[in-house]
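These protein sequence lines map, in sequence, to chains G and Y. Per numbering that gives the first Met the number 0, the first sequence runs over residues 0 to 450. Per numbering that gives the first Met the number 0, the second sequence runs over residues 0 to 306.
Because the hints were derived from the structure by calculation, they are not lab data. In this text, all values refer to a predicted model and were calculated from it rather than measured experimentally. There may be inaccurate statements among the hints.
Label pairs and their computed distance ranges (CB to CB) [as the list claims (entries may be wrong)]:
hint: 1; chain 1: Y; residue 1: Pro46; chain 2: G; residue 2: Lys41; range: 51 to 61 Å
hint: 2; chain 1: G; residue 1: Glu324; chain 2: Y; residue 2: Gln2; range: 45 to 55 Å
hint: 3; chain 1: Y; residue 1: Asp41; chain 2: G; residue 2: Gly16; range: 54 to 64 Å
hint: 4; chain 1: Y; residue 1: Asn263; chain 2: G; residue 2: Asn331; range: 17 to 27 Å
hint: 5; chain 1: Y; residue 1: Lys197; chain 2: G; residue 2: Pro425; range: 45 to 55 Å
hint: 6; chain 1: Y; residue 1: Glu262; chain 2: G; residue 2: Tyr314; range: 17 to 27 Å
hint: 7; chain 1: Y; residue 1: Asn263; chain 2: G; residue 2: Glu140; range: 34 to 44 Å
hint: 8; chain 1: Y; residue 1: Lys197; chain 2: G; residue 2: Gly448; range: 40 to 50 Å
hint: 9; chain 1: G; residue 1: Arg236; chain 2: Y; residue 2: Gln2; range: 22 to 32 Å
hint: 10; chain 1: Y; residue 1: Glu262; chain 2: G; residue 2: Val430; range: 24 to 34 Å
hint: 11; chain 1: G; residue 1: Val81; chain 2: Y; residue 2: Lys197; range: 26 to 36 Å
Residues of chain Y clear of chain G, computed beta-carbon distances all greater than 12 Å [unchecked claim]:
hint: 12; residue: Lys11
hint: 13; residue: Lys27
hint: 14; residue: Asp73
hint: 15; residue: Val75
hint: 16; residue: Lys83
hint: 17; residue: Val86
hint: 18; residue: Asp87
hint: 19; residue: Ser109
hint: 20; residue: Glu112
hint: 21; residue: Glu149
hint: 22; residue: Lys174
hint: 23; residue: Lys197
Derived pair list, reagent style DSS-like, types lysine-lysine, alpha-carbon separation capped at 30 Å [claimed, not checked]:
hint: 24; chain 1: Y; residue 1: Lys27; chain 2: Y; residue 2: Lys204
hint: 25; chain 1: Y; residue 1: Lys258; chain 2: G; residue 2: Lys401
hint: 26; chain 1: Y; residue 1: Lys76; chain 2: Y; residue 2: Lys261
hint: 27; chain 1: G; residue 1: Lys360; chain 2: Y; residue 2: Lys69
hint: 28; chain 1: Y; residue 1: Lys261; chain 2: G; residue 2: Lys112
hint: 29; chain 1: Y; residue 1: Lys69; chain 2: Y; residue 2: Lys261
hint: 30; chain 1: G; residue 1: Lys86; chain 2: Y; residue 2: Lys11
hint: 31; chain 1: G; residue 1: Lys188; chain 2: Y; residue 2: Lys305
hint: 32; chain 1: Y; residue 1: Lys265; chain 2: G; residue 2: Lys112
hint: 33; chain 1: G; residue 1: Lys50; chain 2: G; residue 2: Lys3
hint: 34; chain 1: G; residue 1: Lys254; chain 2: Y; residue 2: Lys4
hint: 35; chain 1: G; residue 1: Lys148; chain 2: G; residue 2: Lys112
hint: 36; chain 1: G; residue 1: Lys50; chain 2: Y; residue 2: Lys4
hint: 37; chain 1: G; residue 1: Lys326; chain 2: Y; residue 2: Lys256
hint: 38; chain 1: Y; residue 1: Lys4; chain 2: G; residue 2: Lys48
hint: 39; chain 1: G; residue 1: Lys197; chain 2: G; residue 2: Lys48
hint: 40; chain 1: G; residue 1: Lys50; chain 2: G; residue 2: Lys222
Every residue, glycine too, gets a C-beta built ideally from N, C-alpha and C.
In case you want the letters, here they are:
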Amino acid sequence: MAIKGGDLAKLLPKRKGCKDCGFPTCFAFAMKVASGAEDIDKCPHLDPKVKEQIREMLAPPILPVTLGKGERALTIGEEEVVFRHEKTFYHQPGIGVLISDKESETDWERKLKAVLEMTFERIGRILRPDLAVLWAESGDEGKYLELVKKASDASADLPLVLMAPLDLALKALEVCGKDRRPLIYAVTKADLDGYFPKLKEAGVPVAVKGGLEELPEVTERLKAEGMKEIVLDTGSRNLWEVVKEQILLRRAAIKQGFRPLGYPTIVFPCFMADDLEGQYMAASALVTRYAGIVVLSDFVPEYLYPLLTLRMNIYSDPRVPMTVEAKLYEINAPSPDSPLLVTTNFALTYFAVAAEAEATKVPSWLLVQDTEGLCVLAAWSTGKFNGETIAMAVKKLGVEEKITSKKIVIPGLLARIKGELEDELPGWEVVVGPREASGLSSFLPEFAGRG
Amino acid sequence: MAQWKVPVEAYKGRILEVTIGRGSKAVKIGGENVFAFNQTFDEGQWPNSPKVAVEVWDREPLGWSEGILKVYGDSVKDPAQWTKKVVDELSPDLLFFYLISTDPNEEDRSPDEAARVVKAAYEAAGGVPFIVYGVGNDSKDPEVLRKVAEALKGENLLIGPAIKEDYEPIAQAAKDFDHCVSSQAPMDINLQKEMDVKLSRILPKEKIVLDPLAPCVGVGLEYGFSIFERQKHAAVSFGDEMMQMPMLANFSFEVWKTKEAKENEKMGIMWEEMTAMAYLVAGANILVVRHPETYRRVKGMIESYKG
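Okay, chain G solo, but in the shape it has when bound:
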């Protein structure tokens, strides 16, 4: 719920013409503050209480939480919409692996290695999981602290969740250090009185576990103690129940502006299914429905890669077209005398063309020109895809050194640029290809056969 400048102006002291904030009027200043362009601190005449009230109004409806530090730091929260098509989702959920102190040291090492090293590349982006959730399952404190030590030694930056009774979690915090900002999991209503000021002094994010009716009371109490980095767990372990609660929490925060529930969430597919396959399916539903941290019992590439890809898809910005890297792609192991196809870097166009060309089994080159993610006709009509730009790409990407066939196939929709491309690329034969990618299945074999 965005705040209006007008509402904000009403709270300002309205000292006529003081201009101490640097603006001609309180209203002008309020507009800037509401849009996030100015800090409310610039008004020196505000009552601290009012200032706090204004800060509260300006805070995002779902507060951010950052775990870990350095290059691996994970920020979740700060979401503004219920549906991605209303604007976009911002912070993709952290994907975590559950490591129990009951497991063998070999398993600890294997899982830590997986979370640190499993990476995948897709359309020029690196996809990887985010965090380790250390679970005190055995009841043996020494064992748990050993696990925490092992995990902190494995990497100085890896975000951790300390999933243990609070006393033990606080001890574990000393082992891994506050600086690495782990998440303490979890505070319940029953813990509220016993753990202040220890929790507050810890100064790290905490998870709150409880039913929907309990959560607001606990978060309000933490907030009153100055603790704002909070993650919610409703405690449900049935997928569809959790999905409903995620929807409810998102609506409460965004549509109702209800601050006590305006925090990111943690969900546990690892406790929702008997086997990994079921866990990952549950995780996929929760990635589409607002989860902040998603915990799985193990990482295997066959399941993790599709999950990370789905996450990238759902958290891509619908306002920005999805693009692939502009470069020369090889289809079916081409040789220098294979034909060259050209298309735009709009991902859907690329996927369609590459898939169809690949299916023909005909070796060819695919030149993907940067059109800022516009599709063929839109790119042409805005001057981003024409004889000149294609010729520039051909030269820039060193195509002429690699391809001796000197045959370039342009999209059928752009038959009109044949002449200009011929002018720009002397010595090349410009061929008009099919209008749709699906036409390649008959076009390409015939074209290749013609030699």
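Starting from the structure of chain G, add chain Y where the hints point.
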């Protein structure tokens, strides 16, 4: 502390209930006036859970993964036997029968022959409802689908895809022989609406299913996901009558075309399962899947939902 009221919402619109097939195995879809997996607080009704169709071809499949072929064995050499095998193994809600041999760029099978193959398969299916799809060729599909519609007159198939170039003869065939039709607008809400208006002049709205196309994980899923959500919104939140038909998410073909699925069956299954989960959440009323494991798993997920 501020008093909190549970955010119950009420919506204006309701999805039409569409029946596919005939007799005891006929399938009902749609009928909800809430969003999928979401009628948390007695917001409305969701009478028919999403249904899952299994993909079968009108000829022996090429390039299908071993795990699938192992389940079906030699039956895949004959579409009728293959169909029977799928029904015996999985008892699916529906079968998605793909007339891939009619593609003029490939085998170019004749409409009469296509109709004969569909009829034989349909008779082997023991009453499981059929979705019958042509290849999306606007000159061939109308001829083929008309013959199919005629051969199975009154069986209330879902035939398609009716696209903007050929919706008229296909919808007319559905009307003449008492079937449903799928309205396919490739991820374009405005075109979808236009098609729906035109189709609903030919046959009742309760005979129409929407197919906005459903790209899979990694290959444009985000577009399909948001189109499904937006169309459902238009129908349920805003009460747009021309969007109130149930939606079909047909992604199995795309999933198994990806490099990942082709190279690694275990990953391919998860690719298909996650695509299915995403479209379930986004509001699909029918999913089309290929792998038997996907079918079992996705059905299990749907059945685990206690409204």
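Quick check for students: does the CB of Glu149/Y sit more than 12 Å from each CB in chain G? holds, 28 Å
When you check the alpha-carbon spacing of Lys326/G and Lys256/Y, does it fall within 30 Å? Roughly 23 Å separates the two Cα atoms, so the pair holds.
For Lys11/Y, is the shortest CB-to-CB distance to chain G above 12 Å, so the non-interface label stands? holds, 17 Å
Minimum Cβ separation between Asp87/Y and chain G greater than 12 Å? holds, 24 Å
Distance restraint evaluation - Glu324/G, Gln2/Y, Cβ atoms, bounds 45 to 55 Å: At 52 Å between Cβs, range holds.
Against the 30 Å threshold, does the CA-CA distance of Lys50/G and Lys222/G hold or violate the hint? holds, 16 Å
Minimum Cβ separation between Lys197/Y and chain G greater than 12 Å? holds, 22 Å
17 to 27 Å as the expected CB spacing between Tyr314/G and Glu262/Y, which holds or is violated: holds, 26 Å
Regarding Val81/G and Lys197/Y, is the given constraint of 26 to 36 Å on their beta-carbon distance met? Since Val81/G and Lys197/Y have Cβ atoms about 32 Å apart, the given range 26 to 36 Å holds.
CB-CB spacing for Asn331/G and Asn263/Y relative to the 17 to 27 Å hint: holds, 20 Å
Given the hint that Lys69/Y pairs with Lys261/Y, test it: the Cα-Cα distance must not exceed 30 Å. Distance of about 16 Å is within 30 Å: holds.
Please verify whether Lys258/Y and Lys401/G have alpha carbons no more than 30 Å apart. Within the cut-off at roughly 25 Å; holds.
Going through the hint list in order, the structure satisfies each hint without exception.
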